[in-house]
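Turn these sequences into a full structure, and let the hints guide you.
Residue numbers (this note's numbering), protein chains in the order written: chain Y, 1 to 283; chain Z, 1 to 482.
Keep in mind the hints are simulated off the structure, nothing from the lab. Be a bit skeptical, because a hint or two may be false.
Once the Cα atoms are required to be at most 20 Å apart in a straight line, the calculated SDA-like pairs of lysine to any residue come out as [claimed, not checked]: (1) Lys406(Z) <-> Arg61(Y); (2) Lys67(Z) <-> His49(Z); (3) Lys445(Z) <-> Phe144(Y).
Note that the structure is a prediction, hence the values are computed from the model and not measured.
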Amino acid sequence: MATKKQARVDVKKTYKLFINGAFPRSESGRVFEVTAKNGAFIANPALASRKDLRDAVTAARAAQTGWSKATAYNRGQILYRIAEMLEGRAEQFESEIALTSQITALKAQSQVLDAIDRWVWYAGWSDKLQAVSGATNPVAGPFFNFSISEPQGVVAIASSVSFIDFIDAIAAAVVSGNTTVVLVPGSLAVPAMSFAEVLATSDLPAGVINILTGSLDELAPWAASHMDIDGFDITGIDKKKRGALKEAGAENLKRIHAFSKGQSPTKILAFMESKTVWHSVGV
Amino acid sequence: MTFEYAPAPESRAIVSIKPKYGHFINGSFVAGKKHFPTINPATEEILSHIALGGVSDVDKAVAAAQKAYTKTWSKLSGKERGKYLYRIARILQERAREFAVLETLDNGKPIRETRDIDIPLVAAHFFYHAGWADKLDYAGLGHSPQPYGVAGQIIPWNFPLLMLAWKVAPALATGNTVVLKPAETTSLTALLFAEVCQQAELPDGVVNIVTGDGSTGAAIVNHPGIHKIAFTGSTDVGKKIARAIASTDKKATLELGGKGANIVFDDAPVDEAVEGIVNGIFFNQGHVCCAGSRLILQESIADEVIEKLKVRMSKIRVGDPLDKNTDLGAINSKEQLVKIKELSAIGDAEGAQRWSPKCNLSDKGFWFAPTIFTGVTQAHRIAQEEIFGPVLSVLTFRTPQEAIDKANNTPFGLSAGIWSEKGSRIFWASQHLKAGVIWANTFNKFDPASPFGGYKESGWGREGGKHGLAAYLKTGKETGAK
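Here's what the structure looks like:
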């Protein structure tokens with residue numbers, strides 16, 4: 001008597017946070033539920049806490065000097081490596097996005113391909129930024145004077161729910177040498193944490209990109225008032241709620257910006273600081 | 001044998017100060033309602049009475065600026081706008097001595113500085129930006145970058161006319177119109193600048209000047225007709241402005257405080273470094289946001305440098321700002337003098353050692369002798385807070401990394417100095433210092449072609465150079481904050 005072959009029970013993934021190159025659970029022990037369009041359960045990602053945010057900022061700060069002082073060539077290659085890793089797992093991301101968001105499978109596919117190309121585009125900027133944003137300044141005196149752009153330091157990102165916007169914001173912030181703490185809303189947690197696995201295999205130094213999933217309403221005000229965050233991309237925040245964050249961010253004069261969609265060097269330069277050096281000339 | 005200097009006063013006959021001033025709105029002077037006195041801080045003599053601008057004055061000025069923007073200024077080609085700026089630059093050069101004397105009278109800074117630094121730089125700023133007006137397509141901000149409209153500009157008392165030039169010249173070159181408020185204690189050169197606008201036949205309403213105090217400034221910041229705020233002043237007020245505009249679409253550039261580190265390595269040319277240290281902290285009575293107010297000396301040369309610095313400081317001539325031999329003039333106001341005295345007393349109380357050369361300070365006016373504190377540690381308030389006076393805090397270091405760590409250890413990030421004969425060390429240090437302006441083997445140099453502005457709590461944005469144009473032009477990707 002032939003036995004009917006049983007359907008295989010698939011192995012589900014536990015979605016955790018990505019801090020300092022590791023995948024810890026939230027110290028708070030909190031999770032939230034992500035469901036598919038039809039209401040079926042998909043995952044219980046971590047609901048990040050204020051302490052998780054502080055840990056992520058500490059990791060980002062510790063990674064700052066190493067990443068910002070890496071050569072532009074090196075940073076460019078690591079960003080390109082992220083594109084390579086993403087390309088290899090494109091189908092996984094397509095199905096996760098289609099499953100957890102409101103967009104169609106076809107649109108999900110084009111988003112993932114765009115996301116891969118976006119990394120390639122930003123990777124190429126690493127060693128060209130100075131050529132377009134810097135200057136030698138002809139001052140009226142015996143001085144050699146030049147301006148260069150430097151990363152601001154630690155940049156928090158309150159991400160939009162769209163995967164491509166999430167990718168764009170991160171790439172724009174890190175290509176110049178900033179380190180980041182990315183706040184991910186709702187169901188974007190699923191592809192975002194899979195993306196953390198891409199980062200973990202991309203030669204990216206630990207702490208350069210940290211990803212926290214959960215509620216922007218909770219996390220964003222903490223980020224806005226955190227004194228060791230230098231810049232804050234609030235593109236993913238409702239327009240009505242941005243004023244309060246900017247007000248909180250004034251305490252350490254955070255550079256707070258929101259952007260329209262699409263790739264642009266403006267986004268990179270928004271989280272850079274211009275430095276001008278005067279050197280006396282003489283024999 | 002000592003050489004005494006005979007007094008060499010610059011004549012004040014070249015200036016004529018009216019007993020009372022109004023606001024400059026829509027191309028003409030309009031009477032103010034309330035007035036307050038402006039004094040010569042070197043003598044406490046009342047020079048004139050300045051109008052205290054209120055909400056209705058700001059309303060009128062903004063309306064004039066809006067009208068000028070839509071009807072005239074935005075319709076003018078860059079080439080024509082530029083020619084107005086060239087005219088202004090030339091008239092400023094022609095009337096330079098008059099401006100220098102007036103600035104010295106109203107501000108208290110030495111005539112040597114107003115004559116040789118402030119006013120020439122003012123003219124240079126207009127001349128430089130005039131040339132940008134028809135070349136904005138090449139500024140790296142995309143094709144045909146657009147102005148914001150009306151810029152509200154609030155400037156400090158330490159470089160009154162120079163800060164006006166830093167604000168007005170780029171705003172006009174990029175096609176914005178302005179409502180400017182000079183500092184409460186130093187309005188006179190701004191009001192004389194209004195006459196320059198008239199002589200240049202600048203279209204009415206392109207530049208409007210409303211005098212007053214902090215409440216006048218707040219009225220400008222909060223006015224719905226203002227699209228862009230440019231402020232130079234204290235970090236505290238800068239933060240207030242950032243909060244005030246948080247829920248609006250207004251853009252802001254903020255040039256705020258600093259606590260500049262002047263690092264002297266053991267291979268530095270000591271005599272040159274001593275000159276640079278003196279220029280770094282005693283230039284303009286130390287009323288400089290980018291002053292080198294923290295001297296960070298390599299331990300092995302600290303004694304030698306301090307000894308030479310004291311000798312040099314004892315040659316600083318403190319006194320009549322109109323005397324051409326004066327190095328250090330009057331403190332700008334009684335209020336500022338009190339603040340300098342308070343923070344210096346805190347330096348004493350926290351255990352730092354104070355030293356000043358012997359100075360004969362006048363009983364009239366506001367004076368403070370050049371002062372250094374040695375034995376300062378990073379935790380001392382005089383190592384962290386901006387004193388904005390002729391007071392230098394001296395710290396020491398052993399390794400280059402320690403120098404960088406100490407230099408970066410304040411909430412500010414405006415300026416820094418490096419003294420060394422070794423090129424690779426200078427570039428290493430300049431890469432690691434978190435500061436917007438770094439001077440290597442020099443200090444306190446300014447030029448319209450050179451961007452100026454700070455990291456961290458020293459502010460937002462840059463003024464001067466190609467970078468400064470971005471402050472007054474819309475860039476593509478950033479969306480409104482609402």
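Hint check against the structure, violated hint numbers in rising order: Going through the list in order, the structure violates hint 2 alone and respects the others.
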